[in-house]
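Visitor: Each chain is listed here by its residues.
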Amino acid sequence: MTKTRIAIASAIASALAAALVAPMAVQAQGNMEKCYGISKAGKNDCQTASSSCAGTSKKDAQTDAWLSVPKGACEKIVGGSLAAKK
Amino acid sequence: MDLVTGIGLRAPHLAEIARDRPATGFLEIHAENYLGASPARQMIERLRETNTFSIHAVGLSLGSAEGLDERHLDRVAALVKRLEPAYVSDHLSWSVHGGRYFNDLLPLPYTEEALDAVVRNVGRLQEALGRQVSIENPSCYLAFAHSTLTEPEFLAELARRSGCGLLLDLNNIVVTAHNLRLDPHDWLQALPDKAITEYHLAGHAVNDCDGEPLLIDDHGSRVGPEAWSLFDEIVRRYGARPTLIEWDTDIPALSVLLDEAAKADRAITMANPDAARAA
Amino acid sequence: MQLALPDLQAAFAAHVAGVDRPDLVAAVVGDTIPAEARLRVYRHHVSHSLSAALAATFPTVQALVGEAFFRGLAQGFVAEALPAQPVLTEYGAEFPAFVATHEPARALPYLADIASLDWALNVAFHSPEGRRVAAVDLAGIAAERLPSLSIVLPEGASLIRSLYPIDRIWKASQPGASADTVDLEAGRADLLVLRRADDAAFIVLDTGEAAFVAALVEGVSLESAAEGALSADPSFDLSAAFARLLTLEAFAALQQSWGG
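Protein chains in written order, with my numbering: chain A, 82 to 167; chain B, 477 to 755; chain C, 52 to 311.
Take these hints with a grain of salt, some might be off.
[Claimed, not checked] DEER-style ranges, computed between Cβ atoms:
no., chain 1, residue 1, chain 2, residue 2, range
1, C, Ala185, B, Pro701, 55 to 65 Å
2, B, Thr528, A, Gly160, 33 to 43 Å
3, A, Glu156, B, Glu629, 31 to 41 Å
4, A, Ser120, C, Ala130, 44 to 54 Å
5, B, Leu605, C, Glu195, 47 to 57 Å
6, C, Pro179, B, Ala738, 30 to 40 Å
7, C, Asp188, B, Asp550, 30 to 40 Å
8, A, Val150, C, Ala237, 21 to 31 Å
9, C, Ala144, B, Arg558, 57 to 67 Å
The set of hints was computed from the structure by calculation and includes no laboratory data.
Given the structure is predicted, the values throughout are model-derived calculations rather than measurements.
Even glycine gets a Cβ: it sits at the ideal position worked out from N, Cα and C.
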């Protein structure tokens, strides 16, 4: 192990050790952003949704998907390029 | 009189029920919602201190010719062991084939061949759980031409051969009878008294099928007058049993469910005061 | 000819998946409501109820695109991939990848990452709470040993790294959110999704913290993770980051690292 590495390792050790006695000010910035709560526990209750006997085919449903335009909170998302950044 | 009617416990009411612990006969949960270790399941575990539970499975696919999914069976068995509910049930239907799950209670032909399959699967389930389970009559939208038994005959024979209990859903009888042009009163005539373990009550929707009304079991409204009338009839004839109010679509305030449950309790007292005391 | 039960169920399974089966139609009693119409009730129910289950698992995706568009998205996915088992909270792992390749959703390049976030919250929510490491648990460990330890993250935890500000997009999509807009130019977001005692939640990480957590996820030592974080962000404050993650109970266990 080189001197530099020893220096880094000991800096890391003291930084980690310091975290264990971190003052409350550090903890205060720790809030989590939001919750996903117990009202989300019922997916197998969707069992009995009202169904029709209408004659729409799978093909029709796929076509609808293509014709439908996103209409929701996405209207609030602005800027950036329309194409994926990847 | 003791409260005998319970309610289906749905996620939107969970926090309120855990906080207020309203008086109700029992709480029924769908097994498949509580197989993971979610905070919701932890809440159910705490509620067990004050409430009686029923576990109603929706995905065991007891009518599958290919047999049960052993992994799912193990998970349901572990939940039953963990919660030790008063009642365990699933449906006379199938929903799994070739490793795919359809999330629907698909219909069976009522034949000796299907009876053998269901008897075998229910036997396997009862063996895995080490207890009796109850089987519920489904809502049907079609009948198979080669059926040789009526639905109540099939259920009675299933109970006799497997030793299972019968969970009779009065709304499903109304829906099936209407859709398959049967008389719902006939349906009630020759049931095996001792096998009946539980009643379910719910509302249904009326859909238009090219000008013909088709009843759909959507559990989206109060119990309808036909189901109440069949409920009176069945309690008079076979006596009171633990009864459940179910509501799954457009779930209303908890007070509405409790109100329906109180109505069922009153119906039980009126129809059969002795049985209500005994239940 | 009468269908034996295994054949009838195979035909019915094909029918609900969208394949017309005349042999099945012939086995069903028709009257003023024909057999085909009766069978369609089941086909529609399977598609609709599974779409509803996906809407419950991906509520933020639905809030962004609206019910009608989501239905198209979900029904397309259902047609490709029915659940492999009956627990619907475990259905949809491949939905984010489906969203990413769904042509009609191209105009919303962040949508697949939002689907990943919804999925991660769902997975964390259904995972065991487990025990978490607190600062006091580390008090007995000599400081010079700390760098060689690695961290086990809680069961069901995941790190979502997006080129888009998905934390802000998520917030703007919640019921009752303000009408304020979110600018995609705000840039990337890195979120650590965790089970908490009563719910699931995400922590927004800065660049250094994200590199630190990404390294921990791979199981390397705290030393290697710290070095990785410093090279990603020279201003990375190891002490503050470690304290923050400990305070948020983001660590399930520490163990001796035998690797890097």
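Visitor: Each hint should be assessed against the structure and marked as holding or not.
Guide: For each hint, the structure was consulted:
1. Hint check: Ala185(C) to Pro701(B), Cβ distance near 59 Å, so the stated range 55 to 65 Å holds.
2. Here the CB-CB span from Thr528(B) to Gly160(A) is close to 56 Å, at odds with the stated 33 to 43 Å.
3. Take Glu156(A) and Glu629(B): their Cβ atoms lie about 58 Å apart, and the range 31 to 41 Å is violated.
4. At roughly 29 Å, the beta carbons of Ser120(A) and Ala130(C) sit outside the given window of 44 to 54 Å.
5. Checked against the given bound of 47 to 57 Å, the beta carbons of Leu605(B) and Glu195(C), roughly 54 Å apart, stay inside it.
6. Separated by about 38 Å at the C-beta atoms, Pro179(C) and Ala738(B) satisfy the suggested range of 30 to 40 Å.
7. With their beta carbons about 34 Å apart, Asp188(C) and Asp550(B) fall inside the hinted range of 30 to 40 Å.
8. As the Cβ distance of Val150(A) to Ala237(C) is approximately 25 Å, the hint placing it in 21 to 31 Å holds.
9. At roughly 25 Å, the beta carbons of Ala144(C) and Arg558(B) sit outside the given window of 57 to 67 Å.
Figure legend: structure checked against the earlier numbered hints; hints not met, in rising order: 2, 3, 4 and 9.
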